[in-house]
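These are the residues of each chain, in order.
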Amino acid sequence: MRLPASTAIRRALAAPRGRAGVMALGAIVLFGIVAPFALPDPFAQPDIVTGAMQAPSALHPFGTDQLSRDVLSRVATGARVSLAVAAVAVALSMTLGALVGLIAGYLGGAVDALLMRLVDGAMAVPRLFVLLLLVAAWERMPLVALMLMIGATGWLGTSRLVRAEVLRLKDADFVRGAEALGARSGRIMFRHLLPNTMGPLLVAATLGVGDVILLEAGLSFLGMGVRPPTPSWGGMILDGKDVLTAAPWVSIFPGLAIIATVLAVNLFGDALRAASDPRET
Amino acid sequence: MRWLAGRVGQAIVTAALAVVLAFFLMRAAPGDPLSRLGDEHPLTPQQVQVLRARYGLDQPLTAQFRAFVAGALHGDFGTSIQYGRPVTDLVLQRLPASLLLGTTVLLITFVLGSWLGAAQALRAGSATEQTVGALSLAAYATPSFWLGLVLAWLVGIEWRLLPAAGMHDPLLAMDAPWATRALDIARHLILPALTLAAVNIGATMRHERSAMLQALREPFVQSARARGLAERRIRWHHAFRNALFPVVTLFGLWLPLVVAGSVFVEKVFAWPGLGALAADAVSARDYPLLMGVTVLVSLMVVGGALVADAAYALLDPRVRRA
Amino acid sequence: MRRLISILAAILLLPICARLDAQAPGGTIVIVTGEQATVPVPTLIEGAAGTRANQELADQLFLRLAVRKPGRATSDEKGYEPQLARSWSRRDSLTLVFGLDPRARWHDGKPVTARDVVFTFGRARDPQIAPSLAAQLQHVRDVRAEGEYRVVISFDEVYGEQFFDATYYVQPIPAHLLASLPADNISRSDFVRAPVGDGPYRFVRSVPGESVELAAEPGFFLGKPGLARVIFRTATDPAARMNLLLSGEADAMASVVPPMSNRTRLERTGDFRLITTPSDLLGYLLFNYRNPADTSRPHPILADARVRQAMTLALDRHAMALSQFGPYSVVPFGPVSQMLWLGNVSPKAPRQNVARARALLREAGWNDSDGDGTLDRGGEPLSLSLIVPSSSIMRRDIGVMAQEQLRQVGVRLEVIVLERPVWQERFVSGRFDVAFGALRQVPSPSSLIDSWTCRGANNVSHYCDPAVDSLLSTAIVTQGNAAPMFVDALSRIEQDAPATFLYAPLEVIAVHKRYAEVELRDGSPWLMLWHWHVRRGQDLPRDRVVIH
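Those protein sequence lines, which keep their order, are chains L, U and X.
Residue 1 is where the first sequence starts when you use the working numbering, and the numbers rise one by one after that.
Residue 1001 is where the second sequence starts when you use the working numbering, and the numbers rise one by one after that.
Residue 2001 is where the third sequence starts when you use the working numbering, and the numbers rise one by one after that.
Worth flagging that the hints you see were computed from the coordinates, not collected in a lab.
Here a beta-carbon is modelled for each residue, glycine too, at the ideal position from N, C-alpha and C.
A portion of the hints provided could be inaccurate.
[Said to hold, decoys possible] So the derived list for chain U, only partly shown, Cβ under 8 Å to chain X, looks like this:
no., residue
1, D1032
2, T1044
3, Q1047
4, L1051
5, A1070
6, A1127
7, Q1130
8, A1164
9, G1166
10, M1174
11, P1272
12, S1283
With the rest of the complex left out, here is chain L:
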């Protein structure tokens, strides 16, 4: 009934879907690292009057934005910020969410009531004002702090998903059996229950990737996150919002990049879920 993480990952990588997902993700990451060296300067504004919002052409395969900058270069450069935010924030929020969900669900009683009411309370307070206080206190917030902050505030829903799964499973035979054998709570939670909550956890992580990339852009409107002219996918989408019908390419390409990333993560996540299911043969 237990399955070491490394085994699950190895099995997921062996599956064709898992391999395809990882290769696609690798390609996107590589694009973000290598492509900017081969492409025009993503900050250069060659001609703000006549060069702005040019449709895709041989010179600018993804067109140009409102400031006449090359959209392809910006999508490539933007991958760095967006992928880093997605990876760090999602990993952190999944870890925290799983931890709190496991503890609340398995221990139950007063612990559960306290943890879940804290989660409710945190969700009921408008997050915006907490963020504004943070901006005021910490004007030059580094990107790492921003990523950690997005992760540290994004686990609330995940913890409820994991807890629900634990509530469902904690009377199951394999848990009862382990308890009867005298296993400690920690062991039951992490060895027996955690692998069984991989389903909702991985789905939440997949969905979280897209959410987090857009959230980063929203935060830059509060004065957090990357500053102009540094591009990020979410930021490019918001910038292109008002010209969506006139110059769709400004925001469609970063949007497609997000969708491609989410689909790649999903392929791997799905393979991982199948591989981590102890009953899977």
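Once you've looked at the hints, dock chains U and X against the given chain L.
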């Protein structure tokens, strides 16, 4: 029953604490309601003083808090600074639009989404299933205002099949028959509801699919099979029920959207809901209006958690009430 | 022969043209706005309620004593046309006398009298009730009634803008309905829910968050309004506003440009005309003279006029304005919006001059000694931050353009996007190096005092030139040609470069082609809506309404 009473008590206390915290966080955050005024039409310090006194902002924070609590207990949240109207009126005027859009979207997302997700699980691996899965995920990763703008452009402008924005046709006479007015609202509702449902349904589908895949391999499903129950009954009665846990959780998490709405979609379709109203109140630092909305939203947040917890017990009697 | 044919054709076509311009009965206009009017009542349009939406609606419901004719100077007493006042005269250099039109009626049928005017001025001049209005009316000493229909307004000093002050800010409200209500209760009263005015249109209904409907007052004493129904429809999102126009659900909208792509989209429909009026908007990069960390000390970089001038010269302001507004903006000379008549008499703004900018910076001691592309002096880099409110994508885009152009001359400009109230707080308290300001000016040059004199209420950057102060204060009280003095003041401001003035746009308004007699006023474009009508034969189903 005792469980429920205790749980409701907890919920109310949580909501109250969240509201109190929100009150002080709002005041502590930089910017104030009068800041909106100075950008285009500058005010002198004396003018600012007069206006502060008018809105009660010159009082000590504790006095302002006492006034808020005293008013709130009577359902009076004061006068909106931005709109110069009673907050209760403003919120109640906008609530129906939010409820209508939110309920429609939640219904589509959860009823259709969990059914589609389960159906996906039963056909896992097939080409159709893979395509549907990828499409729903792509829709989920699509910013809602994109889809909204594209639909408004295509259906509202190019084809002129449905109104591009708003909830009512302002040209419709006030004394039009109710059926005409209902049809008018329905026509306005389609595009925003479709947009929100399309971008959200991916989440329910994904969770339901994953849970259903797992449930189909659970021992009780195997034993039901061994007992010779009909496959259809096994799937939709035993497995599906068990696979609803994450979806129910998600429903609890999303329930507040019924009042809080989706800011982007409300704006793109000029839907007169509470979401856009609250978002604008934030940038105006309209404290009274914000507190009115916050009270409503926090009640929905704790209510959503409560509904989810109650539903677990209904879905699976084995779940001991926490 | 050809001439004969054309004359014949003209004669034949004449009746058709005449018929084209004939008025269709009824008539509706749906105007899209960004906000909904919730307290469209003069004297309440104060503080947070001081929105354009409230003012524009109030302009339909409530009359002024007189309104300025388009393009005329605010100090020109002959440049006004009668509204509530039928006539006016001067008793002396401190006293104006207005004779009210006895035909004027409130929408409840009661006559508009001198008592209403005196009552309204009383409210407007009370700083506890209307702090902003009271400040604008600070030179009004006394307002009193002589009989039913004569109002005498006296001032405490001789100055050119007396007539403007007496007529622009105050729109009388009905004393018989409001005198008994305590002033601070009006905003929660039934009067605000359904205001009773004296204008060409009366209030019908308000649909929260969506629209406000007005109906023509058939017995309006200045003439029957040409449109039977006016609907102000709200959409806070700019894209949604455009969609309402493009889908044919709305007939008119202000602030169409920027973005310029809106023009193309509207032209493609063939249904709309784009009409421009001068706008009261002015955009600029404001340089702080004081150290943002300690406002009692000079700014370490920007206190030097050469740096400010160099930054101004390094920017291609014409290209920036062109990129955002297309043909609909000029680069202003000094802080002058197009609605301010000073724009017509002042010189042109200088063009970008990168070589000169470089020379000025060198002269001020800034060199790139470490070769990193950024200038430095005594080990300190020439690095500044620009605060921009996140509410305006246009301001942020222009900020990023400025950032890139300044980088070319070795000035590092960090663009800091701040949530609007946070930006405002920083702006007002002087905690910035450079701030992207956008000001709406009243049409009178007195608005220059607030921001550009040493003790101006809105002078947040601590710019101070006593010569400018004295030029402006003399020019404002000058009766006669004050233009040269104003231009002198503007030239001094330009020279000292307390700010880089970026754009002074035109207001671009889209109006459906079926309307005739379209007259738009700067500041309040829909002010003369009651002059408009729908051309006969071009009316749409929604135009077929009758005035009750």
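We went through each hint and held it up to the structure:
Annotation: U/D1032 was flagged as interfacial toward chain X, and the flag holds, the nearest CB pair being 7 Å apart, inside 8 Å. Look at U/T1044: its Cβ gets to within about 4 Å of chain X, closer than 8 Å, so that hint holds up. Because the beta carbon of U/Q1047 sits about 4 Å from the nearest beta carbon in chain X, less than 8 Å, this interface hint is met. Among the interface hints, the one on U/L1051 holds; its C-beta lies about 5 Å from the nearest C-beta in chain X, closer than the 8 Å criterion.
Because the beta carbon of U/A1070 sits about 18 Å from the nearest beta carbon in chain X, more than 8 Å, this interface hint is broken. About 37 Å separates the beta-carbon of U/A1127 from the nearest beta-carbon of chain X, more than 8 Å, and the hint is not met. Taken as an interface hint, U/Q1130 does not check out: its beta carbon lies about 34 Å from the nearest beta carbon of chain X, beyond 8 Å. Given hint, U/A1164 at the interface with chain X, holds; its Cβ is 4 Å from that chain's nearest Cβ, closer than 8 Å.
The criterion of a C-beta within 8 Å of any C-beta in chain X is met by U/G1166, whose closest approach is roughly 6 Å, and the hint holds. Interface hint at U/M1174: satisfied, since its Cβ lies 7 Å from the closest Cβ of chain X, which is below the 8 Å cut-off. Given the 8 Å rule on beta carbons, the hint for U/P1272 holds: about 3 Å separates it from the nearest Cβ of chain X. Below 8 Å, beta-carbon pairs count as interface contacts, and U/S1283 has one with chain X at about 5 Å; its hint therefore holds.
In the structure shown, a violation is registered for the earlier hints numbered 5, 6 and 7, in ascending order.
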